[in-house]
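Protein chains: 2
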Amino acid sequence: MPNPTAAILVIGDEILSGRTRDANMHYLANELTHRGIALKEVRVVSDDRDAIVAAVNALRTTYDNVFTSGGIGPTHDDITADCIAAAFGVGIDVRDDARAILEKRYSELGHEMNEARLRMARIPDGAALIDNPVSGAPGFSIGNVHVMAGVPQIFQAMVASVLPKLTGGAPLLSQSIRINRAEGEIAGPLSKLASDFPDLSIGSYPFIKDGAYGVNIVIRGAEGAQVDAAVTRLCTEFAEFIG
Amino acid sequence: MPNPTAAILVIGDEILSGRTRDANMHYLANELTHRGIALKEVRVVSDDRDAIVAAVNALRTTYDNVFTSGGIGPTHDDITADCIAAAFGVGIDVRDDARAILEKRYSELGHEMNEARLRMARIPDGAALIDNPVSGAPGFSIGNVHVMAGVPQIFQAMVASVLPKLTGGAPLLSQSIRINRAEGEIAGPLSKLASDFPDLSIGSYPFIKDGAYGVNIVIRGAEGAQVDAAVTRLCTEFAEFIG
Chain C
1 MPNPTAAILV
11 IGDEILSGRT
21 RDANMHYLAN
31 ELTHRGIALK
41 EVRVVSDDRD
51 AIVAAVNALR
61 TTYDNVFTSG
71 GIGPTHDDIT
81 ADCIAAAFGV
91 GIDVRDDARA
101 ILEKRYSELG
111 HEMNEARLRM
121 ARIPDGAALI
131 DNPVSGAPGF
141 SIGNVHVMAG
151 VPQIFQAMVA
161 SVLPKLTGGA
171 PLLSQSIRIN
181 RAEGEIAGPL
191 SKLASDFPDL
201 SIGSYPFIKD
211 GAYGVNIVIR
221 GAEGAQVDAA
231 VTRLCTEFAE
241 FIG
Chain P
1 MPNPTAAILV
11 IGDEILSGRT
21 RDANMHYLAN
31 ELTHRGIALK
41 EVRVVSDDRD
51 AIVAAVNALR
61 TTYDNVFTSG
71 GIGPTHDDIT
81 ADCIAAAFGV
91 GIDVRDDARA
101 ILEKRYSELG
111 HEMNEARLRM
121 ARIPDGAALI
131 DNPVSGAPGF
141 SIGNVHVMAG
151 VPQIFQAMVA
161 SVLPKLTGGA
171 PLLSQSIRIN
181 RAEGEIAGPL
191 SKLASDFPDL
201 SIGSYPFIKD
211 GAYGVNIVIR
221 GAEGAQVDAA
231 VTRLCTEFAE
241 FIG
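First to last, the sequence lines map onto chains C and P. Here our numbering is used: position 13 in the first sequence is 13, and no number is missing along the way. Here our numbering is used: position 80 in the second sequence is 80, and no number is missing along the way.
A portion of the hints provided could be inaccurate.
As the list claims (entries may be wrong) - Within a straight-line C-alpha distance of at most 20 Å, the following computed DMTMM-like cross-link-like pairs (lysine to aspartate or glutamate) qualify:
no., chain 1, residue 1, chain 2, residue 2
1, P, Lys104, C, Glu185
2, C, Lys209, C, Glu185
3, C, Lys192, C, Glu237
4, P, Lys209, P, Glu185
5, C, Lys192, C, Asp228
6, P, Lys192, C, Glu115
7, C, Lys104, P, Glu185
8, C, Lys192, P, Glu115
9, P, Lys104, P, Asp48
Stated by the list, open to error - Chain P regions said to be covered by chain C (calculated; three or more residues, Cβ under 8 Å):
no., stretch
10, 39-47
11, 61-75
12, 107-118
13, 173-185
14, 203-213
Hints listed in this document are in silico derivations from the structure and should not be mistaken for laboratory results. Bear in mind that the values here come from a model prediction, so they are computed numbers and not experimental data. We put the beta carbon where it would ideally sit given N, CA and C, even for glycine.
Kindly generate the complete structure, drawing on both the sequences and the hints.
Encoded structure:
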């Protein structure tokens with residue numbers, strides 16, 4: 001059975017302006033790989049209603065799971081929840097269970113509920129809440145779309161709430177070999193290896209370190225014996241350039 | 001006149017698997033902002049022909065400039081140049097000027113030209129080469145699409161070759177103020193500020209540091225006097241929580 005697929009949608013001008021470097025994509029990419037869910041696409045869009053709605057609809061109809069990051073706070077530029085409702089064509093309003101979570105939280109902290117904070121209890125019709133043990137305000141899942149906060153600590157806590165509920169797949173096995181040789185020197189034998197092991201994914205990732213060229217070869221597959229056989233052959237062919 | 005727009009397309013399974021954390025997006029986002037080119041969207045797709053062709057065509061017809069990163073090396077998994085040719089519906093073959101650059105480079109280094117390396121001289125018909133002072137093998141521009149290597153040192157050198165040739169825009173002015181208060185406490189006054197300054201973009205980026213909540217407010221606009229006026233009002237309203 002093929003592995004389930006996923007896409008990530010990062011929402012926020014602060015990433016696109018270069019002011020902030022996104023951390024959520026890399027974090028979730030690793031978590032998905034561990035669970036055997038194949039991340040196929042990432043998009044970053046600005047805080048723009050049309051852009052968000054179009055991206056949500058393109059991704060949710062293409063992949064098994066979509067995860068969004070950002071835009072669900074209390075301020076005027078937090079428009080993700082409304083965009084998700086628009087993408088699904090459903091209504092959105094303050095929901096009692098979400099409001100109760102916020103009221104309990106603010107009461108514990110001695111903060112006041114106010115109009116801005118109440119916006120965080122607005123949930124699209126038919127969604128299920130995602131627990132936020134960090135700051136209270138919940139995310140939500142609707143259909144195959146999981147809507148989470150952009151602050152990395154909260155995003156990670158929400159990922160921990162959501163992932164165990166999803167269907168995973170057989171974890172893809174992967175081995176990585178570093179070869180201290182320019183990519184152009186090993187491309188021929190590597191191509192031969194790839195065609196001899198058609199069920200494996202063999203990726204070649206060049207790097208430059210301290211002025212020297214090298215390549216990380218990553219061999220991925222579902223069958224451990226096949227991965228091992230390909231790794232053994234590669235290590236034999238390039239023994240003098242490994243280590 | 002509105003600022004020119006741009007999108008970035010990052011090509012590579014290694015980012016999606018979480019093995020590598022992308023650095024090119026963040027680097028280019030900053031460079032574009034400095035030149036007054038508005039980055040509107042980023043996509044990351046896997047080493048898959050259909051996915052690359054579809055993304056290139058969607059982005060190049062939507063934005064003024066598209067920058068791609070990755071997949072132009074000598075190995076079997078480097079398919080970007082062929083995908084770009086397919087997206088534009090043009091041919092692709094080894095080109096004499098690109099081959100001459102590679103031959104000169106390898107001769108200087110005492111390396112041999114081989115079939116794999118010659119793949120890096122395959123350039124879509126009608127493209128202009130992008131200089132690669134780091135490792136020789138050129139990128140290329142075709143139409144409004146600029147195709148560059150994924151290795152960060154090479155990517156950055158190619159960006160330096162390409163950007164001066166593009167039409168920039170008036171740099172957007174931006175000021176950032178850190179307020180040591182939870183976002184929900186300042187959302188009301190902030191929303192009022194945003195509606196009083198409709199020509200400015202006022203972004204609110206919450207964070208958690210050492211267990212305390214705070215917000216970075218970023219105010220962007222083309223008119224320095226307006227940005228200053230908004231910053232002054234914000235600093236006056238929240239004087240006790242700044243610093």
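Evaluation of the provided hints:
1. P:Lys104 - C:Glu185: holds (17 Å)
2. C:Lys209 - C:Glu185: holds (17 Å)
3. C:Lys192 - C:Glu237: holds (12 Å)
4. P:Lys209 - P:Glu185: Status holds; Cα separation ~17 Å.
5. C:Lys192 - C:Asp228: holds (17 Å)
6. P:Lys192 - C:Glu115: holds (13 Å)
7. C:Lys104 - P:Glu185: holds (17 Å)
8. C:Lys192 - P:Glu115: holds (13 Å)
9. P:Lys104 - P:Asp48: This hinted pair is violated, its Cα atoms lying about 32 Å apart.
10. 39-47: It holds, with 9 qualifying residues against the three required.
11. 61-75: n = 3 at 8 Å, threshold three: holds.
12. 107-118: Result for this restraint: holds, n = 5.
13. 173-185: Holds: 6 residues of the stretch 173-185 of chain P have a Cβ under 8 Å from chain C.
14. 203-213: Contact hint for the stretch 203-213 of chain P vs chain C: holds, 7 residues under 8 Å.
Checked against the numbered hints given earlier, the structure breaks only hint 9 and satisfies all the rest.
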